[in-house]
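Knowing the structure of chain R, use the given hints to seat chains Y, S and L on it.
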Amino acid sequence: MMRDIRLLDRMFIPGTLIGPFTQANPGLGGVCTFVGEVRFDAAEQGGVEALELTHYEPLTLPGMHELADRAFERFDLMGLLMVHRVGMMRPGEPIVCVSAAALHRRDAIDAVDFCMDHLKSAAWFWKREKRAGEWHWIEPRQQDHEDLARWQ
Amino acid sequence: MMRDIRLLDRMFIPGTLIGPFTQANPGLGGVCTFVGEVRFDAAEQGGVEALELTHYEPLTLPGMHELADRAFERFDLMGLLMVHRVGMMRPGEPIVCVSAAALHRRDAIDAVDFCMDHLKSAAWFWKREKRAGEWHWIEPRQQDHEDLARWQ
Amino acid sequence: MITVVFLGKLADLAGAPTLRLSAPLDWAGLKAALPEALGEAVDDPRNRVAVNGALLADKAALQAGAGDEIALLPPVSGG
Amino acid sequence: MITVVFLGKLADLAGAPTLRLSAPLDWAGLKAALPEALGEAVDDPRNRVAVNGALLADKAALQAGAGDEIALLPPVSGG
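Taken in order, these protein sequences are the chains called R, Y, S and L. Each residue of the first sequence is one higher than the one before, starting from 10 at the first, in the working numbering. Each residue of the second sequence is one higher than the one before, starting from 10 at the first, in the working numbering. Each residue of the third sequence is one higher than the one before, starting from 767 at the first, in the working numbering. Each residue of the fourth sequence is one higher than the one before, starting from 767 at the first, in the working numbering.
I should point out that these hints are in silico values taken from the structure, not numbers from a laboratory. Values in this document were obtained by computation on a predicted structure and should not be read as measured data. Don't take every hint at face value.
Stretches of chain L that chain R covers, calculated by requiring three or more beta carbons in the stretch to come under 8 Å of a beta carbon on chain R [claimed, not checked]: (1) 796-808; (2) 829-841.
Below, simulated EDC-like cross-link-like pairs (lysine to aspartate or glutamate); rule was C-alpha separation at most 16 Å, straight line [said to hold, decoys possible]: (3) R:Lys139 <-> L:Asp778; (4) Y:Lys139 <-> S:Asp778; (5) L:Lys825 <-> L:Asp809; (6) L:Lys775 <-> R:Glu143; (7) L:Lys825 <-> L:Asp810; (8) S:Lys775 <-> Y:Glu148; (9) R:Lys139 <-> R:Glu58; (10) S:Lys797 <-> S:Asp824; (11) S:Lys775 <-> S:Asp809; (12) S:Lys775 <-> Y:Glu61; (13) L:Lys775 <-> R:Glu61; (14) S:Lys775 <-> Y:Glu58; (15) L:Lys775 <-> R:Glu148.
Reference listing, derived: stretches of chain R covered by chain Y, where coverage requires no fewer than 3 residues with Cβ under 8 Å from a Cβ of chain Y [unchecked claim]: (16) 38-49; (17) 68-78; (18) 112-120.
Each residue gets a CB set at the ideal place from its N, CA and C atoms; glycine is no exception.
Only chain R is shown next, with the shape it has when bound in the complex (with noise of 0.2 Å):
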């Protein structure tokens, strides 16, 4: 079984993740991963020029450890990879990599679906953006909330 979650501190390139963890659980039937990306937004909405994530050592990665042991109860996985950025990004920087390796696809892509969820609206994370000079803290959508709640 291969277990990877991380927090990285800089950039990094999903791809490099990706293939090993793939070639590591041989015999699986699929591999679901989402990758998300600091998006720049539109300029008229004032563009994003930066975003800082900020955690806090004792709990955020013991909670994505958390989270990883509930997709592993609740879905049928051969390995789970997540992997979070902290500190200040530039917008087209990953931000977020979560893989699930199953024998059968429904529980590779929704183990995903679960982390992501969970990762975006009840994890450890402090979110700022900077738009023309400002920083403005970002809070989950009502989208994210919704999301969350179909798991529960």
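Just chains Y, S and L now, kept in the frame of chain R:
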């Protein structure tokens, strides 16, 4: 809008498709990718030695394009990659790769889910497996029909 | 001549992926030209028929002439 | 000494990511030691409190001694 729909009659490496696909969609919020591989299955079930996927040229690729059209209508997508192997394959080889880029993760994940469910049981492919030297035609599983029904 | 293409299990039953038959052919003519087991199999409502890549809503309405390609398509089983 | 860590918006209100306060501290003592606006903000039920990485079910039960780390955690906003 990046749109790449292909049938391939030889081995492919998903990473070589997904990297350029992601690059071709600047400003995306997220990319979801599913890669299916030919399963080995346990030796006690008469492990899979080979898999052959037959298609019918005048229907299969046009059908995949119609499926892509429906995905673009149904979800808010920036790009869609849908690549399917045909011909003879060995266990461990990639057989299908679907990747969707969108501003929001829900669209990207759901589009991949939608395309996979349709490719699996509503696209013009006929699949047979060789076990212990004998070829056996494969039928969609009950689960595949249930997965498809979710979108109707 | 008309080319008849057999897909999936129907190719096993036919013993070959294609067959060449004389034009013209309607549905009764096609079935009569096929071995009995295959003629019965193509009647199964789960098996579809396409002419030149266009699926027929009603197989019984089949009309094929010289140069046409008839495909006999069992239920799919995908990736 | 006790270290108090402010996360997210609370760090803006505090003007710094951390603060050092004398031990021991209970909830009333902590609020009294913070600027008024911050003391009111941490009372908001959406803001959680952890001691040495363990979330408190009830903030009012806070008891921190020398060397402890208190974290004041506003609602999260993820990736």
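Right, here's what the structure says about each hint:
1. With a cut-off of 8 Å between beta carbons, the segment 796-808 of chain L has 0 residues touching chain R; three or more are needed, and the interface restraint is violated.
2. For the segment 829-841 of chain L, the proposed coverage by chain R is satisfied: 5 residues have a C-beta within less than 8 Å of a C-beta in that chain, meeting the threshold of three.
3. Using a Cα cut-off of 16 Å, the hinted pair Lys139 (chain R) and Asp778 (chain L) holds, with the two alpha carbons roughly 15 Å apart.
4. Restraint check for Lys139 (chain Y) and Asp778 (chain S): satisfied, since their Cα atoms lie roughly 15 Å apart, inside the 16 Å limit.
5. Proximity of Lys825 (chain L) to Asp809 (chain L) is assessed by CA-CA distance (about 9 Å); at most 16 Å being required, the pair is judged to hold.
6. Straight-line distance between C-alpha atoms of Lys775 (chain L) and Glu143 (chain R) comes to about 14 Å, which keeps the hinted pair within the 16 Å bound.
7. About 10 Å separates the Cα atoms of Lys825 (chain L) and Asp810 (chain L), which keeps this hinted pair within 16 Å; it holds.
8. The straight-line distance between the Cα atoms of Lys775 (chain S) and Glu148 (chain Y) is roughly 11 Å, inside the 16 Å bound, and the hint therefore holds.
9. Note on Lys139 (chain R) and Glu58 (chain R): the hinted pairing holds, with a Cα-Cα distance of about 5 Å set against a maximum of 16 Å.
10. With a C-alpha separation of about 15 Å, the suggested pair Lys797 (chain S) and Asp824 (chain S) falls inside the 16 Å cut-off, and the hint holds.
11. Distance hint between Lys775 (chain S) and Asp809 (chain S) is fulfilled; the C-alpha atoms sit about 14 Å from each other, no more than 16 Å.
12. A C-alpha spacing of about 13 Å is found between Lys775 (chain S) and Glu61 (chain Y), which places the hinted pair at or below 16 Å, so the restraint holds.
13. Among the hinted pairs, Lys775 (chain L) with Glu61 (chain R) is consistent with the structure: their alpha-carbon atoms are about 13 Å apart, no more than 16 Å.
14. The hinted pair formed by Lys775 (chain S) and Glu58 (chain Y) fails the criterion: a straight-line CA distance of about 19 Å is larger than 16 Å.
15. Proposed proximity of Lys775 (chain L) and Glu148 (chain R) is supported: the alpha carbons are some 11 Å apart, at most 16 Å.
16. For the segment 38-49 of chain R, the assignment as covered by chain Y holds, since 11 residues bring a beta-carbon within under 8 Å of that chain's beta-carbons and 3 suffice.
17. Counting residues of the segment 68-78 of chain R whose beta carbon lies closer than 8 Å to any beta carbon of chain Y gives 0, which falls below the threshold of three, so the coverage claim is violated.
18. Coverage of the segment 112-120 of chain R by chain Y holds. Counting CB-CB distances below 8 Å, 6 residues qualify, and the rule asks for three or more.
When the structure is compared with the earlier hints, violations turn up for hints 1, 14 and 17 and for no others.
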